[in-house]
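For reference, the chains in residue letters:
2 protein chains.
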Amino acid sequence: MIQTFSHTDLNNLDNRFRSTLINSISGFKSLQLVGTLSPDDRSNLAVFNSIFHLGANPPLIGMVVRPDGNEHSTLKNIISQKFYTLNNVRESFYKDAHQTSARYAEGDSEFKNCNFTEQYISDFSAPFVGESNIKIGLELKQIIPVELNNTNIIIGEIKLIQFEDGILSDDGFINLNQAGSVTVAGLDSYYTTAPLSRLAYAKPGKEPMIINNQNI
Amino acid sequence: MIQTFSHTDLNNLDNRFRSTLINSISGFKSLQLVGTLSPDDRSNLAVFNSIFHLGANPPLIGMVVRPDGNEHSTLKNIISQKFYTLNNVRESFYKDAHQTSARYAEGDSEFKNCNFTEQYISDFSAPFVGESNIKIGLELKQIIPVELNNTNIIIGEIKLIQFEDGILSDDGFINLNQAGSVTVAGLDSYYTTAPLSRLAYAKPGKEPMIINNQNI
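Here the protein sequences come in this chain order: A and B. Residue -15 is where the first sequence starts when you use our numbering, and the numbers rise one by one after that. Residue -15 is where the second sequence starts when you use our numbering, and the numbers rise one by one after that.
Hints listed in this document are in silico derivations from the structure and should not be mistaken for laboratory results. Don't take each hint at face value.
You can't tell identical chains apart in this list, so a pair holds if it fits in one copy or across any two.
[Claimed, not checked] Using 30 Å as the maximum straight-line C-alpha spacing, the simulated DSS-like pairs for lysine-lysine come out as follows:
{"id": "1", "residue 1": "K187", "residue 2": "K143"}
{"id": "2", "residue 1": "K66", "residue 2": "K190"}
{"id": "3", "residue 1": "K60", "residue 2": "K96"}
{"id": "4", "residue 1": "K143", "residue 2": "K66"}
{"id": "5", "residue 1": "K79", "residue 2": "K60"}
{"id": "6", "residue 1": "K143", "residue 2": "K190"}
{"id": "7", "residue 1": "K125", "residue 2": "K190"}
{"id": "8", "residue 1": "K187", "residue 2": "K79"}
{"id": "9", "residue 1": "K187", "residue 2": "K125"}
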């Protein structure tokens, strides 16, 4: 048995139902804690699930920012300070990461309220999350306003990476599974992962080849 | 022990190593098979891992398209035909999905070469994947060229959804885990998921509350 929603059906859905449906249907998502500082040096931490890989050379990461609440503080800080951090969410603290989405008063740091350690690495000006074991420092490169739904796409260039020893493969692959990173569906459903395999570069006329089914 | 890559370190990396590193570091990604038709009605199917939720009202999904090979055919078809499909990748056929990334000759359909069934739903003009159990039909709304790295961000509006009975919760949540959807790290490492929990809307001063740790 199957269920079908036409364009008209989708338009007629209750707003909250549609939001939950559309948020969850596009697949498992990247999850990162975004660390920023305000112009008067107050730290902010917010969980984002709309992070996407944009390119490797130069190393660029995209992120969708909505016009509301917490995300707005993050955007303001990124615009004024230019530097921000992404920090992976691990199984051991995914509930605290979710808690950063609560609407704390502006300037009331989610680091303190949600049990995270503010960490500074060399001269990078934005705060990292001490509890994360994969940390990325970015510099704002472009803000693309999307008029279709009043969101902004923030593009940053990776300026610094720090991660735990032992999760980097010889060819550059970072082992998120071994790092304990979790993924999310919709806005609120968290998952650990279990490796299937790593597959070789695909070529016409050949069967997909497993290059690694252990250390991923 | 930790490892750190500065901006200079990143610039000095071998291109292939950096590509693997940057592709994998941003987190687990959404994975979808993108189905299109050419103007002369030849089907094309390509696996994409740069899909992101842009908004629920209107229901919008974004996708990064690179200027090379297979992705270029998908982009050409989307521009000329306006309609395209996203189809979830399940554990049972993730190797065939990966195989669609091989460079087949233009017009030599990945549906046929990679063992997928071309499916048409009502009057939607682009082909769906018969083997998928979550299918999304989209209409092109906007193409945003990103000059920083010569990619394009494609934004589509959801016009049709079809999925297997039993994976939709009462509140609109689509159960990707139960559907057998997989996630990907980097370009080639595939994972199944295991539920942690679904958490309630976060509020300041309250502990994160589990609203569901079974049916997600």
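These are the hints, each one checked on the structure:
Taking the shortest Cα distances, K187 and K143 never come within 30 Å of each other, neither inside one copy (34 Å) nor across copies (33 Å). Taking the closest pair of Cα atoms, K66 and K190 never come within 30 Å of each other, the shortest separation being 47 Å inside a single copy and 32 Å across copies. When the C-alpha separation of K60 and K96 is checked against a cutoff of 30 Å, the pair qualifies only within one copy, where the shortest distance is 20 Å, while the shortest distance between copies is 49 Å. In this homomeric assembly, K143 and K66 come within 30 Å of each other (Cα to Cα) only inside a single copy, at 12 Å, whereas the closest approach across copies is 37 Å.
Within a single copy, K79 and K60 get their C-alpha atoms as close as 25 Å, which meets the 30 Å cut-off; across copies the closest is 43 Å, which misses it. In this assembly of identical chains, K143 and K190 lie within 30 Å of each other by CA distance neither inside one copy nor across copies; the values are 39 Å within and 36 Å between. In the homo-oligomer, the alpha carbons of K125 and K190 never lie at most 30 Å apart, since the shortest distance is 41 Å inside one protomer and 36 Å across protomers. Only between protomers do K187 and K79 lie at most 30 Å apart by alpha-carbon distance; the minimum there is 12 Å, versus 42 Å within a single protomer.
When the C-alpha separation of K187 and K125 is checked against a cutoff of 30 Å, the pair qualifies neither within a copy, at 35 Å, nor between copies, at 33 Å.
Of the numbered hints listed earlier, those contradicted by the structure are 1, 2, 6, 7 and 9.
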